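S.K.: Sequence:
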Amino acid sequence: MSPNLTVPELLLVTACIQLLVYGGNTVLFGVSMFLLQRRKGERGNVYHTIMTVLLFVFITIEATLNTLQAVAAMRMTTKGQTINGVDASASNTVNLIVLQLVVMTSFAILANRCYHIWNRSLKIIALPTLMVFGETIIFYALVVPAYVHAPRHLVKGTDSPEYTEALDRQKTSDIVAALLSMLADTLLTILIGNIFLTLGISM
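Residue numbers for the sequence shown, in full-length UniProt numbering: 1 to 203.
A hint or two may mislead.
[Said to hold, decoys possible] For each label pair, taking beta carbons as the anchor points, the in silico distance ranges come out as: (1) 119 with 20: 22 to 28 Å; (2) 108 with 38: 20 to 26 Å; (3) 25 with 126: 28 to 34 Å; (4) 20 with 53: 21 to 27 Å; (5) 169 with 116: 40 to 46 Å; (6) 193 with 33: 21 to 27 Å; (7) 123 with 25: 44 to 50 Å; (8) 193 with 75: 33 to 39 Å; (9) 12 with 47: 36 to 42 Å; (10) 192 with 25: 28 to 34 Å.
Note that these hints are calculated values from the structure, not bench results. Everything numeric in this text was worked out from a predicted model, so none of it was measured. Ideal placement from N, C-alpha and C gives every residue a C-beta, glycine not left out.
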């Protein structure tokens, strides 16, 4: 049985996994753009192209922040030093907001696709839209302020007990927001899949 990984090793593994995931996203982005170019002139193509580019930009920013945080945490763990100009707490907050933008962009792509597939019916996307609207209110009213106002410890960074305790208080808000977002995306995916399944059976 292999020995347990040390904290620096875990951080290194985390950073490598994040880069691999980003590499996968880069490949998917390239494939998506290729397919969109082949559909040039079709309805909704420009919208999907713009939203796909935006999604890739947000994912790139998030990957950069995650890597920077991992490197900063490794330096803190191994040398007990911080990286000049890197505020772990601020990075966490920005990363959280960018992640929300990724979620919103993904939802916008799914909602637009579902809207057109279901003959431009606003009713069909009403419930998922309300879910995401509620998730956004919870996110900016409860989750973000908790990160912004969490005590900052210049020596221990975001691992300080004070920082962790402050964020623990809004775990319920985190969970509710995540569930609303997941339910909205799942509902849209089911609606889109249902149309394709129905078309497949009828053919």
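S.K.: Hint by hint, say whether it matches the structure.
M.R.: Going down the list of hints, with the structure as the test:
Residue 119 and residue 20 have their C-beta atoms about 40 Å apart, which leaves the hinted 22 to 28 Å range violated. One distance hint, 20 to 26 Å for the beta-carbon pair residue 108 and residue 38, holds here, with the actual separation near 22 Å. Taking the beta carbon of each, residue 25 and residue 126 are about 30 Å apart, inside 28 to 34 Å as hinted. Restraint check, residue 20 to residue 53: a C-beta distance of roughly 22 Å satisfies the suggested window 21 to 27 Å.
Taken as a hint, the range 40 to 46 Å holds for the pair residue 169 and residue 116, whose Cβ atoms sit roughly 42 Å apart. The supplied range of 21 to 27 Å is met by residue 193 and residue 33, whose beta-carbon atoms lie about 24 Å from each other. At roughly 33 Å, the beta-carbon separation of residue 123 and residue 25 lies outside the given 44 to 50 Å, and the hint is violated. Restraint check, residue 193 to residue 75: a C-beta distance of roughly 46 Å breaks the suggested window 33 to 39 Å.
At roughly 40 Å, the beta-carbon separation of residue 12 and residue 47 lies within the given 36 to 42 Å, and the hint holds. Our hint of 28 to 34 Å for residue 192 and residue 25 is violated, since their Cβ atoms are close to 21 Å apart.
Violation of the numbered hints given earlier is confined to hints 1, 7, 8, 10; the remaining hints are satisfied by the structure.
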